[in-house]
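Residue numbers (the numbering used here), protein chains in the order written: chain A, 1 to 134; chain B, 1001 to 1256.
Worth flagging that the hints you see were computed from the coordinates, not collected in a lab.
Accuracy of the hints is not assured; some may be wrong.
To list a few chain B residues with every Cβ distance to chain A over 12 Å, as calculated [as the list claims (entries may be wrong)]: (1) K1021; (2) S1051; (3) S1113; (4) D1151; (5) I1156; (6) T1212.
Result set (SDA-like, lysine to any residue): computed pairs, CA atoms no more than 20 Å apart in a straight line [stated by the list, open to error]: (7) B:K1150 / A:F92; (8) B:K1150 / A:W91; (9) A:K97 / A:I46; (10) B:K1235 / A:A98; (11) B:K1235 / A:W91; (12) B:K1235 / A:M99; (13) B:K1235 / B:R1148; (14) B:K1235 / A:E34; (15) A:K97 / B:A1219; (16) B:K1235 / B:T1142; (17) B:K1150 / B:G1130; (18) B:K1235 / A:G104.
Glycine included, each C-beta is placed from N, C-alpha and C at the ideal position.
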Amino acid sequence: MKPDVRTIPANWWLRRSPPWWLRRRPYFLFMVREFTSVFVGAYVVIFLMMIRRLNEGQAAYEAFLASLQSPLAIVFHMVALAFAVFHTVTWFHLTPKAMAVRIGEERVKPALIIAPNYAAWAVISAIVAWFLLG
Amino acid sequence: MANSTPEGTMRLEVFRYFPEKGEEPHFQTYEVPFRKDWVVLDALNYIKDQSDGSLTFRWSCRMGVCGSCGVMVNGVPKLGCSAFLRDYYPNPIRVEPLANFPVLRDLVFQLDSFLEKLKSIQPWIVRRDGEKPVSDGEYLQTPAQHARFKDFSMCINCMLCYAACPVVGMEPHFLGPAAIALAQRYNLDSRDAGREQRQETVSSHDGIWQCTFIGQCSAVCPKHVDPAGAIQQAKLASTVDWFKEVLWPFGGREKR
Chain A
1 MKPDVRTIPA NWWLRRSPPW WLRRRPYFLF MVREFTSVFV GAYVVIFLMM
51 IRRLNEGQAA YEAFLASLQS PLAIVFHMVA LAFAVFHTVT WFHLTPKAMA
101 VRIGEERVKP ALIIAPNYAA WAVISAIVAW FLLG
Chain B
1001 MANSTPEGTM RLEVFRYFPE KGEEPHFQTY EVPFRKDWVV LDALNYIKDQ
1051 SDGSLTFRWS CRMGVCGSCG VMVNGVPKLG CSAFLRDYYP NPIRVEPLAN
1101 FPVLRDLVFQ LDSFLEKLKS IQPWIVRRDG EKPVSDGEYL QTPAQHARFK
1151 DFSMCINCML CYAACPVVGM EPHFLGPAAI ALAQRYNLDS RDAGREQRQE
1201 TVSSHDGIWQ CTFIGQCSAV CPKHVDPAGA IQQAKLASTV DWFKEVLWPF
1251 GGREKR
């Protein structure tokens, strides 16, 4: 390339507004998927706080459980649950991309890779439910 | 060019840039006949032939094989020869050069960075013990062995995946979808022994770990190469490598 020719820098597309992830639906859904992990992370923090209160004794633990009954805490949990489900389902459906399982010349159908994720989810949920409710 | 009768006209807003004039790029509007069997490339060629010879763009085969005519059509990377006007009619369409590359003139962008990335992954078969003499016969491969990499070998280097990937725009050194898919194509080839050499590039900071799995590279690929799949599979293989090295006795090396 001749040095005296002025080219437009490669980031001309990204520099435009609105930001790239607001321009097309697939980009936006990607951002939503990434953003939902914030709520998954926040829930883990709450869970760790609960374990800490449990360690501090019965009174501290019960006070913590009472604080979770507030409307704000309930709304947060519902939002976090919805986002955690979205996060989980979107990733389940991406597993066939990462796992190329072949039998002979044929690649195993994506649905057969996705299904065991749901099965494992159901089994683990059942075990947790059995622990808590049984 | 097709001989069908026009059924109206269509407006094209085309990205124009003249490097010698020292002015900012702008959009120029052209009216072209609307024909059901016309693609964006037909419209661009009509403009160049009939109204504005200065319009500059790359093309060659006009049948989705050469990979030269990639443009942004209404913000989505497409081969100009495969984007039908009828899918947009009667709305106007906006034609721009592929995103994430420096623009030289109008729809022509500079592809040097892409060629460097392609070269860096050693896209050729690396033999374990050198080439065997011709008298020893061919390197045989079963249909199942061939099927493992066939899809990844269909790439025509059209660079639509680079234009669809925001990470390429934000991290200019990112190897990018097509180069990694091609690395995977050779890594999965039963005749190849170059994976360890390629890993230095593929699994480096600028390699697979930059990918955040937006997945649009695969969505825009005209040859269904699925580079997003190739990258995730390479991540999985690299992770397995790491576990072997760290957790397995003797680094699992005797198995390689």
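- Message: Hint check: K1150 of chain B vs G1130 of chain B, CA-CA at most 20 Å. Holds or violated?
- Response: It is violated: about 24 Å lies between the C-alpha atoms, which goes past 20 Å.
- Does the alpha-carbon distance linking K1150 of chain B and F92 of chain A stay inside the 20 Å limit? 25 Å, violated
- Message: Run the distance test for K1235 of chain B versus E34 of chain A: straight-line Cα separation, threshold 20 Å.
- Response: 18 Å, holds
- Query: CA of K1235 of chain B to CA of A98 of chain A, is that 20 Å or under?
  - Reply: Cα-Cα ~8 Å, so holds.
- Message: Confirm or reject: T1212 of chain B is not an interface residue toward chain A, with every Cβ-Cβ distance exceeding 12 Å.
- Response: 7 Å, violated
- K1021 of chain B and chain A, when compared Cβ to Cβ, separated by more than 12 Å: For K1021 of chain B, whose nearest Cβ neighbour in chain A is about 10 Å away, the distance does not exceed 12 Å, so it is violated.
- Message: Hint check: K97 of chain A vs I46 of chain A, CA-CA at most 20 Å. Holds or violated?
- Response: 33 Å, violated
- Pair hint K1235 of chain B and G104 of chain A, alpha-carbon separation not exceeding 20 Å: Violated: K1235 of chain B and G104 of chain A sit about 23 Å apart, past 20 Å.
- Message: Tell me if the straight-line CA distance from K1150 of chain B to W91 of chain A falls inside 20 Å.
- Response: 26 Å, violated
- Message: Please verify whether K1235 of chain B and M99 of chain A have alpha carbons no more than 20 Å apart.
- Response: Given pair K1235 of chain B, M99 of chain A holds - Cα atoms ~10 Å apart, limit 20 Å.
- I1156 of chain B remote from chain A - nearest C-beta pair above 12 Å: 21 Å, holds
- Straight-line Cα separation of K1235 of chain B and R1148 of chain B no greater than 20 Å? 17 Å, holds
The structure does not agree with the numbered hints 1, 3, 4, 6, 7, 8, 9, 16, 17, 18 stated previously, though it agrees with the rest.
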